[in-house]
Amino acid sequence: MDARGTDGHHRPCLKQGWDSLLFVTLDSTSPVPAWLPDTRIRFNMETYGVEQAVGAVKFRRPADGRRDIAAVATCPRGPRKGGIVLKQDQERLFADLTWVEDTAHPAIVDLMKRIVNQAERIRSETDLLIESGYELYQGGFRCVLLTVGDAGDLVAAHYRNVIEDVKLECTEYNARLHLFGNAP
Amino acid sequence: MVREPQSLGRKSYRPALNFARELRWVDAAKRDQLLSNDDMVQRVLDQLLALLERLNQGKIPRYEY
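Here the protein sequences line up with chains A and B, keeping their order.
Note that numbering that gives the first Met the number 0 has the first sequence beginning at 0, numbered continuously upward.
Note that numbering that gives the first Met the number 0 has the second sequence beginning at 0, numbered continuously upward.
Excised from the complex, chain A in its bound form (with noise of 0.2 Å):
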């Protein structure tokens, strides 16, 4: 729904009530539209994250499931306002020593066990010779997967202080890689 509240959002609530309506804000900063009750708000999307939506949305479907949810999310000055925060913030984040290491370095390290568990996981439930590990490269990290054949794929993700011309690279080589030394 827009700030104006022109779409079709509305129309399930005229039959089936107005609990099944959820009001997202999407930062703590922008107003809320001047039509929106305080009481009828709602979810805050950056203190709680999409997560945190989508149960909040369960939480209002009722058993049966035959109640639609109408989750709004609303942005004042439409969408395009939301978009240029968002990028004004990830420059900045990204060039944030504090935030790389203490937000972006843990989910990177967690992208990387996950991968090697999965790996683990496929290769004790099949028959698959599947090798991985991963460690600390060039400031960022490399993980290598290895098949029986001598096939590999190798997923790098380099970055240093800063989060810039980042790319995780998902290779695949035709022989066998190694590790340099343990995952910290």
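Bear in mind the hints are in silico, worked out from the structure with no lab data behind them.
Please read these numbers as outputs of a predicted model, since none were measured by experiment.
Do not rely on the hints blindly, as some may be mistaken.
[Unchecked claim] List time: in silico PhoX-like cross-link candidates among lysine-lysine, alpha-carbon distance up to 20 Å:
#1 A:Lys-86 / B:Lys-58
#2 B:Lys-10 / B:Lys-58
#3 B:Lys-10 / A:Lys-166
#4 A:Lys-166 / A:Lys-112
#5 B:Lys-10 / B:Lys-29
#6 B:Lys-29 / A:Lys-166
#7 A:Lys-166 / A:Lys-86
Put chain B on the given structure of chain A with help from the hints.
Using the frame of chain A, we list chain B on its own:
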């Protein structure tokens, strides 16, 4: 003689933030979707299994040591 392994293919992803300012990934070749770590794990393993399938079908020349 030591030879470098030959690269057979590559998929690239770039970091991005979602509205909750969480780190996500965007497929460099198809930028319409934010991918979570769960999505990335699935994609990486799918890529590995596809590589293995090609290897088993003889579509990838064996490395000569």
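message: Need the status of pair Lys-29 (chain B), Lys-166 (chain A): alpha-carbon distance at most 20 Å?
response: holds (14 Å)
task: Quickly compare the C-alpha distance for Lys-86 (chain A) and Lys-58 (chain B) to 20 Å and report which way the hint goes.
output: It is violated: about 43 Å lies between the C-alpha atoms, which goes past 20 Å.
query: Would the pair Lys-10 (chain B) and Lys-58 (chain B) pass a check requiring their Cα atoms to be no farther apart than 20 Å?
result: holds (19 Å)
Proposed proximity, Lys-112 (chain A) with Lys-166 (chain A) (alpha carbon, max 20 Å): Roughly 18 Å between the alpha carbons, so the hint for Lys-166 (chain A) and Lys-112 (chain A) holds.
message: Can you confirm whether the C-alpha distance between Lys-166 (chain A) and Lys-86 (chain A) stays at or below 20 Å?
response: Distance ~17 Å between Lys-166 (chain A) and Lys-86 (chain A) Cα, so the pair holds.
query: Lys-10 (chain B) and Lys-166 (chain A): Cα distance at most 20 Å?
result: Holds, at about 10 Å.
task: Starting from Lys-10 (chain B), check that the Cα of Lys-29 (chain B) is at most 20 Å away, please.
output: Holds, because 11 Å separates the two Cα atoms, which is no more than 20 Å.
In summary, the one numbered hint that this structure violates is 1.
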